[in-house]
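Residues per chain are reported as follows:
Number of protein chains: 2
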Amino acid sequence: MYPVITISREFGSGGHSIGEKVAKKLGIPFYDGDIVTQVAEDSGYAKELIEEQGEYSSSANKWFDISAASAMYFQSPQDEIFIAQKKVILKCAAEGPCVIVGRCADYILRKEHIHCLNVFIHSDMEHRKERVLQRYGSIKDVGIEKRLAKKDKQRKTYYKYYTDQNWGNYRNYDVALDSGMLGEETCVDIICELYNRKE
Amino acid sequence: MYPVITISREFGSGGHSIGEKVAKKLGIPFYDGDIVTQVAEDSGYAKELIEEQGEYSSSANKWFDISAASAMYFQSPQDEIFIAQKKVILKCAAEGPCVIVGRCADYILRKEHIHCLNVFIHSDMEHRKERVLQRYGSIKDVGIEKRLAKKDKQRKTYYKYYTDQNWGNYRNYDVALDSGMLGEETCVDIICELYNRKE
Chain A
1 MYPVITISRE FGSGGHSIGE KVAKKLGIPF YDGDIVTQVA EDSGYAKELI
51 EEQGEYSSSA NKWFDISAAS AMYFQSPQDE IFIAQKKVIL KCAAEGPCVI
101 VGRCADYILR KEHIHCLNVF IHSDMEHRKE RVLQRYGSIK DVGIEKRLAK
151 KDKQRKTYYK YYTDQNWGNY RNYDVALDSG MLGEETCVDI ICELYNRKE
Chain B
1001 MYPVITISRE FGSGGHSIGE KVAKKLGIPF YDGDIVTQVA EDSGYAKELI
1051 EEQGEYSSSA NKWFDISAAS AMYFQSPQDE IFIAQKKVIL KCAAEGPCVI
1101 VGRCADYILR KEHIHCLNVF IHSDMEHRKE RVLQRYGSIK DVGIEKRLAK
1151 KDKQRKTYYK YYTDQNWGNY RNYDVALDSG MLGEETCVDI ICELYNRKE
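These protein sequence lines map, in sequence, to chains A and B. With the first letter of the first sequence counted as 1, position 51 gets the number 51 in my numbering; the numbers rise by one all the way through. Plus 1000 on top of the position in the second sequence (first one is 1) and you've got my numbering.
Derived by calculation from the structure, the hints in this document are not laboratory data. Ideal Cβ placement from N, Cα and C applies to all residues, glycine included. Mixed in with the good hints, there may be bad ones.
[To be verified] Chain A is nowhere near these chain B residues, computed Cβ spacing over 12 angstroms in every case:
no., residue
1, Ala-1094
2, Cys-1098
3, Thr-1157
[As the list claims (entries may be wrong)] Simulated crosslink set (DSBU-like; lysine-lysine; CA at most 30 angstroms straight-line):
no., chain 1, residue 1, chain 2, residue 2
4, B, Lys-1160, B, Lys-1111
5, B, Lys-1156, A, Lys-156
6, A, Lys-25, B, Lys-1198
7, A, Lys-111, B, Lys-1151
8, B, Lys-1111, A, Lys-156
9, B, Lys-1160, A, Lys-129
10, A, Lys-153, B, Lys-1156
11, A, Lys-25, A, Lys-47
12, B, Lys-1111, A, Lys-150
13, B, Lys-1156, A, Lys-111
14, B, Lys-1146, A, Lys-156
15, B, Lys-1129, A, Lys-198
Could you put the whole structure together from the sequences, leaning on the hints where they help?
Put into structure tokens, the structure is as follows:
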């Protein structure tokens, strides 16, 4: 049996919801928001900052722009958050089977040789738009497609920065599923089946 | 129900074998080598040339090096093979549910708005090496890893040239599976389940 299921996901693909349902169906803990709470306690940073900087590179985060030389001497808030998140993720994995969403968990656990079922959830733009509109209502000023593209870019940049690998590259996942084409329930069932099959 | 299952695969990932088993289990035709035979009949080109140039760009294929201007006036053997393959693929799909392996079938059918279950099969280098050694025996002169990397590169280049898209990009597939991690039988079962679930 896999000890941990990691779920990486495009913004608006339903990865969070799929992960939550998988955990419920398998009767194992689900970690997404809980990680933020724990990191806030451990690091002292505000939850909002952790949510903002714990998965996304941001134009507001000047640390991504500083030179490599400077980066050797300073640790940015984002770096501190990454390190605190890593500790929490390793702690979660050590406690037993669970589902962890996002936050480079696939990479962090692979580096520690913890055998995971690594899942990537993506979807076409139409289904993502529909889901985001249902969840957050209309998004003012910036068009929704632009917002989704920006979120993708920020996650990609964040992942690249901390793992030196490409987010969404098939090599990093045991299974990648298109939740728009397959539907959320099918994704949940397939992940549970894969998890249960593994000895 | 999906009319067609397309299987794109890394060399040595077992995609051919998985596709064959899926077709058998679902009781639908399987097209891989048969496409080559049909294209040979339609185009007059030798089977060996079609096998060599029907999925791979090759350093021996000088047509990939000619300028765009020249390409407007000349049709290379590879272009003729691509066009003949496309006709055969569309004919196969028109005849009913089936499994088609490789040859940009996912792209060709998407352009014609034929709803497919698009599958990508990949695997880690260790499992691919093992499979290729079992199938072809030892490979002289060039190391096996080099050979696999070259095959990947040739398929990528071929796909890029004819589709202007990136081979292996998750957006092009409903499901991507790591056959090395999951095992061949699990991949077969998952694909059949996805196929049967779709109305």
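Now the hints, each set against the structure:
Once the 12 angstroms rule is applied to beta carbons, B:Ala-1094 is consistent with being away from chain A; the minimum gap is 22 angstroms. Look at B:Cys-1098: its CB is around 19 angstroms from the nearest CB on chain A, clear of 12 angstroms, so calling it non-interface holds up. Listed as outside the interface, B:Thr-1157 is consistent with that label: its C-beta sits roughly 18 angstroms from the nearest C-beta of chain A, beyond the 12 angstroms cut-off. For the proposed pair B:Lys-1160 and B:Lys-1111, the alpha carbon gap of about 15 angstroms is at most 30 angstroms, so the pair holds.
Between B:Lys-1156 and A:Lys-156, the direct Cα distance comes to roughly 22 angstroms. Compliance with the 30 angstroms bound is thereby established for this hinted pair. Between A:Lys-25 and B:Lys-1198, the direct Cα distance comes to roughly 22 angstroms. Compliance with the 30 angstroms bound is thereby established for this hinted pair. With a C-alpha separation of about 28 angstroms, the suggested pair A:Lys-111 and B:Lys-1151 falls inside the 30 angstroms cut-off, and the hint holds. Between B:Lys-1111 and A:Lys-156, the direct Cα distance comes to roughly 28 angstroms. Compliance with the 30 angstroms bound is thereby established for this hinted pair.
With a CA separation close to 28 angstroms, the supplied pair B:Lys-1160 and A:Lys-129 stays within the 30 angstroms bound. Between A:Lys-153 and B:Lys-1156, the direct Cα distance comes to roughly 23 angstroms. Compliance with the 30 angstroms bound is thereby established for this hinted pair. Of the supplied pair hints, the one linking A:Lys-25 and A:Lys-47 holds, its CA atoms being roughly 28 angstroms apart against a limit of 30 angstroms. Proximity of B:Lys-1111 to A:Lys-150 is assessed by CA-CA distance (about 28 angstroms); at most 30 angstroms being required, the pair is judged to hold.
In summary, the hint linking B:Lys-1156 to A:Lys-111 is supported, as the alpha carbons are separated by about 28 angstroms, within the 30 angstroms threshold. Our distance criterion of 30 angstroms between C-alpha atoms is met by B:Lys-1146 and A:Lys-156, whose separation comes to about 29 angstroms. A C-alpha spacing of about 22 angstroms is found between B:Lys-1129 and A:Lys-198, which places the hinted pair at or below 30 angstroms, so the restraint holds.
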